[in-house]
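Asks: Sequence:
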Amino acid sequence: MSEDNILTADGWIRGRLIHEHGRVVSIEGVPCDPADNDLPYLLPGFIDLHVHGGGGKDIMEGTSAFETITRTHVRFGTTSLLATTMTAPSAEIASVLKDVGEFCEQRPKGAARVLGVHLEGPYINPGKLGAQPNFAHTALMAEVEEYLALAPIRVITIAPEIAGHDGLIRELSRRGIRMQIGHTLGSYEEGVAALEAGATSFTHLYNAMSPLHHREPGIVGAALAHAKFAELIPDLLHVHPGAIHVALRSIPCLYCVTDSTAAAGMPDGEYKLGSHTVTKCLGGVRLPDGTLAGSTLTMDQALRNLVKIGLPIAEASQRLSQFPADYLGITERGRLAPGAWADCVRLDRSLTLTAVMVEGEDIDFKNA
1 MSEDNILTAD
11 GWIRGRLIHE
21 HGRVVSIEGV
31 PCDPADNDLP
41 YLLPGFIDLH
51 VHGGGGKDIM
61 EGTSAFETIT
71 RTHVRFGTTS
81 LLATTMTAPS
91 AEIASVLKDV
101 GEFCEQRPKG
111 AARVLGVHLE
121 GPYINPGKLG
131 AQPNFAHTAL
141 MAEVEEYLAL
151 APIRVITIAP
161 EIAGHDGLIR
171 ELSRRGIRMQ
181 IGHTLGSYEE
191 GVAALEAGAT
201 SFTHLYNAMS
211 PLHHREPGIV
221 GAALAHAKFA
231 ELIPDLLHVH
241 PGAIHVALRS
251 IPCLYCVTDS
261 TAAAGMPDGE
271 YKLGSHTVTK
281 CLGGVRLPDG
291 TLAGSTLTMD
301 QALRNLVKIG
311 LPIAEASQRL
321 SQFPADYLGI
331 TERGRLAPGA
341 WADCVRLDRS
351 LTLTAVMVEG
361 EDIDFKNA
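Numbering (full-length UniProt numbering), first residue to last: 1 to 368.
Be aware that a few hints might be false.
Below, simulated DSSO-like cross-link-like pairs (lysine-lysine); rule was C-alpha separation at most 27 Å, straight line [claimed, not checked]:
| id | residue 1 | residue 2 |
| --- | --- | --- |
| 1 | Lys-366 | Lys-272 |
| 2 | Lys-128 | Lys-272 |
| 3 | Lys-128 | Lys-228 |
In case anyone wonders, no lab produced these hints; they're calculated from the structure.
Turn these sequences into a full structure, and let the hints guide you.
Replies: The structure is reproduced here in structure tokens:
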């Protein structure tokens with residue numbers, strides 16, 4: 001086995017990663033500075049907590065779409081992900097959750113691991129739908145309980161300003177579900193109150209939320225002033241590089257997601273996003289009125305974009321792997337260390353992906 005510049009929790013190691021039965025056994029080598037050699041980079045596999053689709057398929061299509069989506073994203077270095085729903089009628093959401101719950105119990109060969117669900121809607125503000133279909137409604141605990149019985153819901157996006165949502169945030173966060181503020185017209189004060197109630201992150205920071213103004217700081221202001229975690233889409237379309245740097249200086253564990261749609265990994269054309277038809281062109285995905293509708297971003301391109309705007313490779317990797325894992329409370333993914341899952345990606349010196357491993361399985365992604 002050839003040597004790599006291996007990114008570990010303690011820094012760079014020039015050496016070899018040894019794994020057995022899907023887990024890292026040891027990392028053999030010596031500390032190094034990758035600038036002193038021309039070896040490839042071996043990084044923790046990417047963890048994407050906001051995936052709507054890929055390979056022409058949408059999560060809301062149910063079981064028939066999941067293998068395509070997970071096989072598509074693993075080709076770009078995503079070794080685990082959250083299946084992310086769209087706002088839809090309750091019966092449709094329940095059907096998809098049942099399918100995801102069953103799919104989570106195994107991982108098809110050659111695919112990324114689905115860690116659970118990000119429920120993005122329907123508990124959002126109908127005045128800030130973004131690309132979400134207009135089925136938003138106030139959350140009821142009885143409905144949430146039905147959903148929780150169907151699938152491992154790890155993250156719920158919620159608009160905190162809607163009456164009754166503060167109590168839901170408090171109860172569900174107490175039970176270990178990550179409650180994210182998003183698709184919201186809430187004020188700064190309502191954002192802060194939601195954090196105090198137990199909310200822990202912000203869904204696609206800056207997008208579909210009340211903006212920062214120096215006299216009305218809005219939800220963006222609440223995030224920049226008080227958040228430890230927030231997700232952000234670094235496709236350089238959703239957020240200007242300058243605004244990304246503002247968030248990086250303000251939010252210690254800012255992590256990156258793709259918010260990818262069925263158009264990810266596909267040519268330009270029309271695709272489904274929940275009940276919407278969206279168009280991929282000019283590197284983005286939009287509704288007919290021009291509204292950004294998710295993205296075509298992949299995690300390997302997210303890494304390159306972060307490095308392009310000035311982040312060291314180690315920090316860029318951390319925001320695509322370790323911080324998402326930390327946010328979910330997962331200690332055995334998102335880092336390369338003995339006992340962790342052998343989820344990793346190898347990139348050449350131009351940051352082109354050359355190899356992917358999921359739970360010790362070498363992925364034949366070039367022939368997928």
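Asks: Are the hints correct? Go through all of them and say.
Replies: Against the structure, the hints:
{"no.": "1", "hint": "Lys-366 <-> Lys-272", "in the structure": "26 Å, holds"}
{"no.": "2", "hint": "Lys-128 <-> Lys-272", "in the structure": "20 Å, holds"}
{"no.": "3", "hint": "Lys-128 <-> Lys-228", "in the structure": "24 Å, holds"}
In terms of the numbered hints stated before, the structure departs from none.
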